[in-house]
Structure formats: C-alpha cells, structure tokens
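Residues per chain, in single letters:
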Amino acid sequence: MGMGKYILQRLAFTILVVIGISILVFVLTHVVGNPVDIMLPLQATMEQRELLTQQLGLDKPMLEQLRIFLGEAVRLDFGLSWWQRRPCMEVIFDDLPLTAFLIFLASALSVVVAIPLGILAAYRRGSIIDRLLTVFSLSGICLPPFWIGLMLMLVFSVKLGWLPTSGTGTWKHLVLPAVAIAFRPMGHLAQIVRFEMIQQLNALYVITARAKGVDEIVLLFRHALKNIMTSSITMIGNDYAKQLGGLSASVEVVFGFPGFGRLISDTIENMDFPLLQAEVFFVAIIVCLINLLVDILYAAFDPRIRY
Amino acid sequence: MRETREAGEVRETGGTGATGEKEDKRQDVILSVKDLSTSFFLREGEVKAVDGVSFSIRKGECLALVGESGSGKTVTALSMLRLVVWPPGKIKSGQVALDGASIFDLPMKKMKSVRGKGMAMILQEPMSSLNPSQTIGRQIQEAVEINQGITGEAAKRKAIEMLGVVRIPSPEKRYYNYPHELSGGMKQRIMIAIALSCRPQLLIADEPTCSLDVTIQAQILRLMQQLRKDIDTTILFITSDLGIVAEMADRVAIMYAGQLIEICDVFTLFERPSHPYSKGIMGSIMAMKDGGRLNIIAGDPPDLMALPAGCKFHPRCEHCQEICRKEEPGYSDLLGDGSHWVRCHFPLNKAGAL
Numbered sequence: 000m001g002m003g004k005y006i007l008q009r010l011a012f013t014i015l016v017v018i019g020i021s022i023l024v025f026v027l028t029h030v031v032g033n034p035v036d037i038m039l040p041l042q043a044t045m046e047q048r049e050l051l052t053q054q055l056g057l058d059k060p061m062l063e064q065l066r067i068f069l070g071e072a073v074r075l076d077f078g079l080s081w082w083q084r085r086p087c088m089e090v091i092f093d094d095l096p097l098t099a100f101l102i103f104l105a106s107a108l109s110v111v112v113a114i115p116l117g118i119l120a121a122y123r124r125g126s127i128i129d130r131l132l133t134v135f136s137l138s139g140i141c142l143p144p145f146w147i148g149l150m151l152m153l154v155f156s157v158k159l160g161w162l163p164t165s166g167t168g169t170w171k172h173l174v175l176p177a178v179a180i181a182f183r184p185m186g187h188l189a190q191i192v193r194f195e196m197i198q199q200l201n202a203l204y205v206i207t208a209r210a211k212g213v214d215e216i217v218l219l220f221r222h223a224l225k226n227i228m229t230s231s232i233t234m235i236g237n238d239y240a241k242q243l244g245g246l247s248a249s250v251e252v253v254f255g256f257p258g259f260g261r262l263i264s265d266t267i268e269n270m271d272f273p274l275l276q277a278e279v280f281f282v283a284i285i286v287c288l289i290n291l292l293v294d295i296l297y298a299a300f301d302p303r304i305r306y
Numbered sequence: 000m001r002e003t004r005e006a007g008e009v010r011e012t013g014g015t016g017a018t019g020e021k022e023d024k025r026q027d028v029i030l031s032v033k034d035l036s037t038s039f040f041l042r043e044g045e046v047k048a049v050d051g052v053s054f055s056i057r058k059g060e061c062l063a064l065v066g067e068s069g070s071g072k073t074v075t076a077l078s079m080l081r082l083v084v085w086p087p088g089k090i091k092s093g094q095v096a097l098d099g100a101s102i103f104d105l106p107m108k109k110m111k112s113v114r115g116k117g118m119a120m121i122l123q124e125p126m127s128s129l130n131p132s133q134t135i136g137r138q139i140q141e142a143v144e145i146n147q148g149i150t151g152e153a154a155k156r157k158a159i160e161m162l163g164v165v166r167i168p169s170p171e172k173r174y175y176n177y178p179h180e181l182s183g184g185m186k187q188r189i190m191i192a193i194a195l196s197c198r199p200q201l202l203i204a205d206e207p208t209c210s211l212d213v214t215i216q217a218q219i220l221r222l223m224q225q226l227r228k229d230i231d232t233t234i235l236f237i238t239s240d241l242g243i244v245a246e247m248a249d250r251v252a253i254m255y256a257g258q259l260i261e262i263c264d265v266f267t268l269f270e271r272p273s274h275p276y277s278k279g280i281m282g283s284i285m286a287m288k289d290g291g292r293l294n295i296i297a298g299d300p301p302d303l304m305a306l307p308a309g310c311k312f313h314p315r316c317e318h319c320q321e322i323c324r325k326e327e328p329g330y331s332d333l334l335g336d337g338s339h340w341v342r343c344h345f346p347l348n349k350a351g352a353l
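Top line first, the protein sequences correspond to chains A and B. Heads up, the first sequence is in numbering that gives the first Met the number 0, so the first residue is 0 and it goes up one at a time. Heads up, the second sequence is in numbering that gives the first Met the number 0, so the first residue is 0 and it goes up one at a time.
A portion of the hints provided could be inaccurate.
Part of the chain A face toward chain B, derived, beta carbon under 7 Å [to be verified]: (1) I206; (2) T207; (3) A210; (4) K211.
Don't read these hints as lab results, they were simulated from the structure. No experiment lies behind these values; they were computed from the predicted model shown. Backbone N, C-alpha and C fix where the C-beta goes; we use that ideal spot for every residue, glycine too.
Starting from the given sequences, assemble the full structure and let the hints guide the process.
So, in structure tokens, the structure goes:
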C-alpha cells in the first residue's frame with residue numbers, strides 16, 4: 000500500500016473517531032446536570048427557567064438535539080457559547096493557536112534537553128551523572144507543574160526580575176509557562192531515551208560499528224539515535240496531545256495565561272455545552288492528526304515499517 | 000619494518016613467565032597476546048571468562064581459536080579490541096601488541112585508530128550485527144571512509160565494489176538495501192565486506208558460519224578461503240567446528256574454561272594432540288571417521304563460577320593424578336622450538352610417538 004493511500008485511509012478514520020467522540024461528549028454532557036440551574040440565579044422563577052430551557056433547545060428530545068448538533072458541527076458551526084455569549088469558534092480560536100504554540104515550545108524544549116541527557120545517562124549508566132539525571136527526570140514527572148511554575152516565577156520574575164510573572168503579549172510571557180510545562184514531558188522522554196539507549200548499546204551492531212573504528216559520538220548519534228526514535232516520537236506525540244487536551248491548565252492559571260487548558264476547565268465549570276463540544280471536537284482532531292504524524296514518522300525512522 | 004620485526008622487540012612487551020606462552024622465536028609476529036585475563040563481575044561472583052591467555056600470530060597466518068561455547072574465545076577477541084563493556088566485563092591484566100605497539104597502553108579515545116585498520120572483526124550473529132536502520136551500503140561505506148581515507152562518491156564506489164568482492168549479485172542495487180531485506184548468508188557476506196573494507200592487519204572472524212545452514216556455511220568458507228588467497232590477510236578464526244579448522248587454519252589454539260591449553264600447527268593437532276582435552280575432541284571426529292561410536296569427553300563443561308583447583312580439566316581427565324588436583328600446570332614447550340605448547344602436567348605423545 001502506498002503512503003498516500005495510507006494517509007487518506009487514516010484521515011477517513013479520523014473523521015469516524017471525531018464523530019464518535021462528539022456523540023459521546025454530547026451524551027455525557029447531557030446527563031451530568033442541568034446547565035439552566037447554573038446560568039440562572041437561585042431565585043429565578045419556574046417560568047424563567049422554562050424559557051431558558053426552550054431557548055437553549057434543551058426541551059427537545061435528546062435524539063433531535065443530537066441530530067441538530069451533528070448537522071451544525073459538520074459545517075463547523077457550534078453555535079453561541081452559552082457562557083461567553085459569542086460564537087464558540089471565535090472563543091476557541093482566541094486561545095487555541097497560542098496555546099498550541101506554547102505547548103509546541105515546551106515539547107521542543109523537552110526534546111532538546113531530554114534526548115542528549117537520556118543518551119548521556121545511558122552511555123554512563125550507573126554513574127553519578129546517570130543517578131542525578133534520573134532524579135532530575137523523575138522530579139520532572141512527579142512535581143506538580145503549577146508548583147514548578149510558582150518556583151520559576153519566584154526565581155526568575157520576583158527575585159531576578161528577568162521575566163514577567165503573568166499575562167501574554169510578548170515572547171517573554173511564553174518562556175516561564177513553556178519551561179514549567181516542559182518538565183513533565185522532559186522527564187518522560189529522558190527516561191524513555193535512557194532505557195531505549197541502554198538496549199541499543201547492548202546490541203551487536205554497536206560492536207560491529209566500534210570494531211570498524213566508528214567514533215563514539217558518531218555511534219551514539221548517527222547509529223543508535225535513529226533506532227530509538229520510534230519510541231521517542233511516540234512519547235513526544237503522546238505528551239503533546241495530553242498537554243493540549245487540558246493538562247496545561249494549572250500552569251496557565253498560575254501564569255495568568257489565557258490558554259486553552261484553562262478555557263476547557265472554565266467551560267466545564269460553567270456547563271457550557273456547545274463550547275465544550277466544540278473544544279472536544281478540535282482536541283480530538285488534533286490528537287488524531289498527531290497520531291497520524293507519529294505513524295508517518297515511524298516509517299521515516301525505521302525502514303522495516305512500510306505502509 | 001613490519002616484516003622484519005625482531006623477536007627481541009616482542010619480548011620487551013611480554014615477560015609474563017610461568018603462565019605465558021614464551022616469546023615466539025619466529026619472525027613476522029603481527030599480533031602477540033600475553034597473559035590476557037578478562038572477567039565478568041556478576042552479582043553471583045567473578046566469572047573468569049579469559050584466564051591468562053597468551054598466543055601470537057604471524058603475518059599471513061590463519062590461527063584457529065577452538066573451544067566449546069563459553070570457553071572464552073569470543074571474549075578473548077573482544078578483549079583484544081578492548082570492546083568488553085564495563086560493567087560487568089573488565090580486562091584484568093595482559094598485554095596485546097599489534098605490530099609491536101602495545102594496545103592496552105593507549106587511551107580509550109585512541110582505540111578507534113586500532114579498531115578497523117588494525118584489527119577488524121566479523122561477529123558470529125549476522126542477523127543482529129548490522130544496524131537495522133542504515134542501508135548495508137552505507138554501513139560498508141562507513142568502514143571505507145574511516146579506514147581508507149576516501150569519502151563521498153569514491154567511497155560509495157568502493158563500497159559497491161566490496162559488495163561484488165563478497166559475491167553479492169547486482170551490487171549497485173543491493174547498496175540501497177536494508178539488513179532486513181537480506182538473507183542470513185547475505186548478511187554474513189556484508190559483515191565480511193565491512194571487515195575487509197577496513198583493510199585490517201588482522202581479521203578476526205568469530206564463528207562466521209555458526210548461525211547459517213550447511214550449504215551457506217560452505218559458500219562463506221569458500222569465500223573466505225578465496226579472499227585469503229587474494230588479499231593475503233592474517234586471520235584469527237574463532238570456531239568450534241574442527242572441520243573448519245582443518246580447512247582454514249595453519250595453527251590451532253585450543254581453549255578450555257578460559258585458558259589456552261594447547262597451541263600447535265594444525266597437522267600436529269590432528270595427528271598427535273598432547274592435551275587430554277585436545278585428544279578428547281579429536282577422538283570425537285576420529286571415531287566418526289572409522290564408523291565407530293562417538294567418543295565423548297566424560298563429564299560436563301566446566302562451571303565458570305566454580306572452577307576446580309589445580310588443572311581446570313582434571314575432573315574430566317582420565318589421566319588425572321594427584322598433582323593435577325592441586326597444582327595448576329604451566330605451559331611446557333614440547334619440542335623445545337616454541338612450535339608446540341601445552342598446559343598439562345602429563346602431556347601425551349611427548350616423544351612424538353602415536
């Protein structure tokens with residue numbers, strides 16, 4: 000099967016996944032509670048409540064609501080956000096691109112740091128360096144990102160005054176949130192790279208390469224690195240998707256960053272069904288595309304994988 | 000210079016006394032190994048994989064290193080290249096001199112100048128000894144670039160030429176193949192091509208046919224014999240197959256439990272082996288030839304974690320005496336001319352009689 004056909008097939012599959020997830024979210028949101036109770040003050044009368052229920056279309060049978068929702072979603076029209084009173088698409092596209100970029104920065108940072116460190120730890124396994132790096136990467140995984148964010152803020156904003164504490168607008172505003180978000184994927188990736196690299200360094204082809212006089216640096220980066228890339232990009236893609244799916248919210252809150260993660264949690268709090276559905280819709284698409292990209296990259300790194 | 004090396008110069012690097020093969024009096028020694036010991040330090044204790052091994056190889060010669068699996072043949076070869084990985088493996092003592100220059104004195108960073116050009120190695124597992132994510136052509140070309148001082152297109156042409164040398168059909172196309180697209184026999188040819196592309200002074204072939212089926216084995220052996228004739232390389236041939244020894248080797252060194260127990264030329268070994276263990280393994284093929292029952296050596300291969308005191312072979316030896324249980328034998332020079340060394344208190348056929 001050719002690569003083009005494979006990609007088309009996967010894109011078709013993506014559409015199915017997005018439809019499935021949209022239906023799931025629709026059903027879940029409609030059974031968890033009544034948004035009318037949240038949107039109206041406690042002292043609202045029954046008439047007022049019924050009027051709002053009608054306006055929101057919540058009085059229609061569930062299947063009918065679902066049909067309307069899917070019909071509009073196909074046209075990328077998710078209607079008005081109940082909470083923000085403006086089109087869902089507008090709300091999402093206010094926050095999503097910048098957050099996607101922020102998490103991309105965090106991912107890039109984690110890759111740049113974790114791959115060399117993981118390789119070094121594997122190469123010197125059992126040494127002090129290896130142990131320090133393990134402590135470092137495990138702390139990256141275990142420490143809550145918002146705490147890391149606060150500590151960074153304390154040092155670089157409050158004490159040193161190099162970077163702003165919160166807000167958005169300049170590249171400086173992105174630095175600390177990106178670093179705070181980067182710690183967890185960095186820890187994951189460093190562990191994966193270390194583990195996989197140890198496997199590779201025990202492989203016989205390493206002896207073959209050394210026996211022909213290959214330099215150690217060349218051995219690590221030209222021979223072994225390519226063989227650990229499939230598992231590394233799986234981890235990178237997975238972490239990116241998770242962060243974009245709302246995991247970055249706590250860091251965004253700490254830095255007062257108007258981000259997508261924070262938007263998702265606010266949306267849930269306000270029971271804003273249309274907006275939540277739109278958010279899930281885009282997250283699902285992005286996750287599917289990331290997985291597709293990862294699968295395509297597999298073939299680029301491992302010649303045994305062909306589609 | 001290399002051809003006329005004096006025996007006296009070799010002596011300077013060695014001088015290990017009782018456990019070492021005495022200096023090879025003959026000329027043209029290209030590699031000498033003296034009192035090499037390599038151990039693996041495991042949780043359960045120390046495994047002496049190589050224990051005081053000494054031998055030398057002359058230019059153009061093929062020395063077979065023979066022994067059952069686990070006797071330390073491969074570790075000996077890896078130690079010569081300092082490719083034993085710590086942890087858990089460590090070279091404890093010894094001297095290896097290639098062309099008179101001591102290798103163990105070099106800083107590790109300089110080892111890459113010895114590997115390849117000095118000694119190249121064909122590993123015994125062609126299936127996993129090639130990098131799965133690089134084309135085979137690229138892997139040969141890398142050996143060419145490092146060791147022959149040519150790069151780019153010229154190196155690529157050379158790599159394709161090497162594919163032809165090891166009889167890979169349509170080498171221009173095969174250059175772009177990945178290891179998984181090749182059969183085991185072809186991969187072993189690639190391994191040979193890589194090793195030869197290094198233009199080594201010494202080629203170490205570690206059981207290059209052991210994982211291949213019999214017809215492919217024959218092809219690879221024929222290829223290696225042909226190449227040996229064509230380019231006149233010095234070979235250390237590691238094997239456990241006595242048939243291959245008879246076909247390939249000039250001299251044979253036999254290992255048992257990490258020690259080198261007998262070294263002599265191939266005819267002497269087959270006609271009148273001196274160590275009881277050598278006689279035992281020879282007996283196993285002789286009996287087959289006569290159509291008799293297979294003679295086997297009684298007992299089990301030694302447990303390297305719990306080696307016996309005295310001679311390592313004594314629990315299985317039918318000539319075992321009191322001294323064998325207590326004292327480890329040193330090397331004795333059977334003929335007095337350094338051509339036949341044996342590590343045994345009571346060598347057989349001492350007078351040369353059958």
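Okay, the hints, checked on the actual structure:
A cut of 7 Å between beta carbons decides the hint on A:I206: the least distance to chain B is about 6 Å, and the hint holds. A least Cβ separation of about 5 Å between A:T207 and chain B falls short of the 7 Å threshold, and the interface hint therefore holds. The beta carbon of A:A210 is positioned within 7 Å of a beta carbon in chain B (closest approach about 4 Å), and the interface hint is therefore held. Checking A:K211 against chain B: minimum C-beta separation of about 4 Å stays under 7 Å; hint holds.
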